[in-house]
Each structure stands twice: as C-alpha cells, then as structure tokens.
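Residue numbers (this note's numbering), protein chains in the order written: chain A, 1 to 300; chain B, 1 to 300.
To be clear, the hints were calculated from the coordinates, so they are not data collected in a lab. Just so you know, these numbers come straight off a predicted model, no measurement behind them. Worth double-checking, as some hints may not be accurate.
[Said to hold, decoys possible] Per the computed footprint, the stretches of chain A lying under chain B, defined by three or more beta-carbons under 8 Å from a beta-carbon of chain B, are:
{"no.": "1", "region": "58-66"}
{"no.": "2", "region": "96-105"}
{"no.": "3", "region": "117-125"}
{"no.": "4", "region": "155-168"}
{"no.": "5", "region": "198-208"}
[Stated by the list, open to error] Heads up, incomplete: computed chain B residues facing chain A, CB under 10 Å, no partners named:
{"no.": "6", "residue": "Asp32"}
{"no.": "7", "residue": "Leu204"}
{"no.": "8", "residue": "Ser209"}
{"no.": "9", "residue": "Phe212"}
{"no.": "10", "residue": "Ala213"}
{"no.": "11", "residue": "Leu219"}
Just so you know, even glycine gets a beta-carbon here, dropped at the ideal spot from N, CA and C.
Number of protein chains: 2
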Amino acid sequence: MTPDWIALDWGTTRLRAWAMQGAQVLTSRASDRGMGSLAPAAFEQALLDLIADWLPEQGRMRIIACGMVGARGGWVEAQYRAVPCPPIDPRQAVNAPARDPRLDIRILPGLSQAAPPDVMRGEETQIAGFLAQNPGFDGALCLPGTHSKWVRLSQGRVERFRSFMTGELFSLLARQSVLRLTIDTAKPDPAAFAEAGASALTDLHAAQSGLFALRADALLHGLSPEKAAGRLSGLLIGAELAAAQDFWRAGPSVIIGAPDLTRLYQTLLLAAGAQACQKDGAALALAGLTAAGLHLQGET
Amino acid sequence: MTPDWIALDWGTTRLRAWAMQGAQVLTSRASDRGMGSLAPAAFEQALLDLIADWLPEQGRMRIIACGMVGARGGWVEAQYRAVPCPPIDPRQAVNAPARDPRLDIRILPGLSQAAPPDVMRGEETQIAGFLAQNPGFDGALCLPGTHSKWVRLSQGRVERFRSFMTGELFSLLARQSVLRLTIDTAKPDPAAFAEAGASALTDLHAAQSGLFALRADALLHGLSPEKAAGRLSGLLIGAELAAAQDFWRAGPSVIIGAPDLTRLYQTLLLAAGAQACQKDGAALALAGLTAAGLHLQGET
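Given these sequences and hints, build the entire structure.
This is how it looks when you write it as structure tokens:
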C-alpha cells in the first residue's frame, strides 16, 4: 500500500510523520530535527531525509503539517488566524516552497488573540482533533506543557484562550536557578505536590513566597530533592490554576496531554471541587491533521 | 599608615577588601574571585593574592569577613544564627583555617528562620551597618536583588524575614526563556514598568497570566524589547510587593541597594500609598563589618 497523503507534526524539537491512506495510518516515523534547529532553507532536506521513500516517482504528494514549522523563522510563516474561530480551517493552510516538484506542502496556521495578546501554534490542531472526536463539546480544555494553554470552546469554535509559562518556569527554576542545588532532575514527590498545589490555590502569594523557601528548607531541615521538586511543581501548577479559574469554574474541563502531566492537573482540580477528566494528547494532533487531510481530499 | 584590621565582603561573585584603621578606611581593593568559583582550599591564596602587602612581616592581622565565604562549600561553614536576634554578633564569628600564621580570619554567620524556612548570608551585615547608622530604627527593610529580602526590625533585632527570587527570575525569564526572543538584555522602559507593577499589585494573577503575553504582544503588535523588559520587571516586582505587604503596610520601609534598583521598588510603593525611602547599600556592608571590627578590638 502506498500513502495517498502524509501528516506532519513539526514542533520546536521534533518532527513526526505519518503515511496515510484516507484516515488510516500505514506507518509512522519521527526525527529530532525540530524547527528550533533548522534554518528555513533546511526544512525540505530534513523532510526528504525522513520520508523520501514514501513519495511517488512521479506526481505530487499532499502533505499537511502543523506546529512551529509555520512560525516566523520556520519553513514558511503561516499567519495566525484570529479567535473566535474554529481551531483549524484547512483552506487557509499555507503552501511551503519546495524544489522537489513532488512535494505539495500545506502548513496549518496557529491561532492568535488580540487582547489579552496570546498565540498558539500546534495546539489548535490537537483541539481540532478533540472536536472531531467530541463534536458539540462545550467547555474548557487545558493543554499543559512548556507553555500551558487554557481554551474556551463553544459551538465548534475557540472563543478565547490563555497561556502560562508553567512548564518552562519549572525547568528554569529546577535546573538553572539556585534551586538546582536542591532539585535538579529529582522526580517530584506526589504528596508534596498535592499539598503545595492546594496551598497555591488558596494562598495567592505562595508561588512568590514559597520558592526560595525550598532552598532554605533543604539547608535547614534537610528537605529531600523529591519533596522540593514536588512542592515546586505544586506551587507553579497551583498558581496557574488559580489564574485560570474563570475557565474551569464554569463547567467541566478536559485536560489533554501526556498522562503523567495531566494527572497532576486533575489531582488539584478534583481537590478544588472541579470536574476534570484527562485525555492522552498523543493521538490528537494526528486526528486534527486527519480532519484537515480528509477535508482537502474532499475538495479536490 | 598600616592597617590594624581588614574588612572583607566576600560574596558569590566578588571579593571586596578594605584596609582599616579603627573606623577609618585607608584603602580598598576588589577581585572577581568570589565564593562561587573557589574550592574551600583556594580561599587563602585568593585572599593573599589580593592583600598580602597589607600584612605585617610578623604578628597577626585581624580580618573580619561576611557573605558566602561562610557558606557550606565556602572557606569554612559559619552556622546560621536563628532569628529573632540582633543581625550580627561578632563573638560568634567563626575562625577560618589558614596556613599563613599572620591570618586571623573571623567569618560572620548569616541568619536563619525555622518557619517559614528562610536564610540570609551577607545581608545581615548590611542590616547591622544600617542599625549602626540608625540606632533604634523600628520598621521594615527591603534589600532587593537576586534574592530579595524583606526584614522586620524591632529594638535592634531582626524579628522575621522573607526572601523572594525576583532578581533571579527576571534574569532567567529575560535571557533564557522564550521571552529572550523579545527581551534579552533590553533596558526596561520606566512607564511600562510602573503600569505593569501597579497591575500586579492589584491583580494577583497578573504575574502568571502576563508572562507569555509579553511574547505574544511582541509577535502580534510589535511590543518593543524595552517595554517588554519594563513590563516583566513590573510584573515580578509587583508580585513580590503584593506578597510582602505585611511588611510595608505596617509602617515606613527603607529600601537598601543599588539606586537604579531601589528606585523601582520605591516607585511602586509610593504609588500604592506606602511610605518608602531609598538608601544606597554600597557602604552598609562596610559599616556592619566596622561595627564588628570595633567591637572585637574593644574586647582584646
């Protein structure tokens, strides 16, 4: 079986590719040649290195891509679409220039919000994948990660969203601040996480006052690296949840991402009396790309 | 004139030395051989390289030091003194081991607080210098910096204190997070600082929600690096002030440090209706070391 189209999830650090026949995955591959390590002229070769044997000898191959590949400094800039709007519109995908005549690349744009200013690139395709599987969903999505996103969905549209630097803050503080002397790569202790998360949800200053205290607690009382890591994670995620409560207090939330991360968010939300369920995010980007691919196939 | 004692302010990145006769400075020198770059066995030579010609041919030279030189991993660990207590007690200075028989080194300990856990090392000597110049002061001190300290002083004693990672957070976010693409080393715009600082004092979530928005504002609306730097600084210092209001709402505060930094804190505090004055911190460590030096001279 040869693919009739190819799906790409091309982020800052990774490129994942699926050979598709309609909605069916024939095979998939991944590489570490993410957008962050490529100059604009290098994208085509990075793609060919991964999937050249999926291409026909003649004729064009439709390739649908999402993620940072469409950022300024990526292969080609795909201008943001402004919310409120459906998460993706395949007709607004941007053609990427290629020398190989077989490549017909369409990059899906990210979303922007004018005020408060915010952007996303890649998550919109996961959201589209979620909506394809849950048509008519009305409520909040949370996509935790380096830059967490809270999203309000209604009638198939992204109404508004808000980003938090929670994941990046955790990495910087744990590994590069004075707290590295205590935490570094220690695995967060779940009980310490839950306690600190609950305190950050009720004491709005905990995320400010509680950071240096982790180092002092280790020096004075021998706080373990695992407990310090758990508390840091709890302080930061708890502060994010406190600042996003207009999203999750209005109704049920779905937390989308890697299970070890979504579980943390769910733990704090349930303890705060909210309704929240988890959904593994790995397949959702492909589901969104598939929705776009089938839409475009239907047009041609 | 030959010195009769020597004062050292030996921090993580710098060593400053003063040749003293009583309370009078004969001369001073500095080097970049801070505690952070020295193994314990290397401190003696680093000191001799800077001030060997200040030592007598025979006899001992009293040397009083403060700062990270007394940390675990420094020359010798000077155990913290627990608050509430006077900021320094020269009799509790710790002797550092030296092969050169002329060196009589006394390292002043830092302060600790059991709950909430907190520590300081170096600032206690600046506080002692402030108290030597302002005996009987009753109120709050703020020592902004990499790890800002808020301190409650009463009857010559440090009653309690609280540390914030504000300066380190600013550096990490401006230069190492995604915000480096917008800010890096740009100089903060004062008007953007004041506006963001006021918002962070009233909206307790601004420091969470406002960070990624700086990057988005630059991408969507061309926010300048200077305005982004000003807003980041305002968000972080405003959040510190909100979390430290039990210190500055109770009465007048004195902000001690470099004038370009203390001015920022004063601006926001005055705008919030608080009483706050600035004091240049450069001379205060020496004033505290001098108080300790004279005390010990009076004893021998």
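(request) Tell me, in ascending order, the numbers of any earlier hints that this structure violates. (result) Violated: hints 1, 2 and 6.
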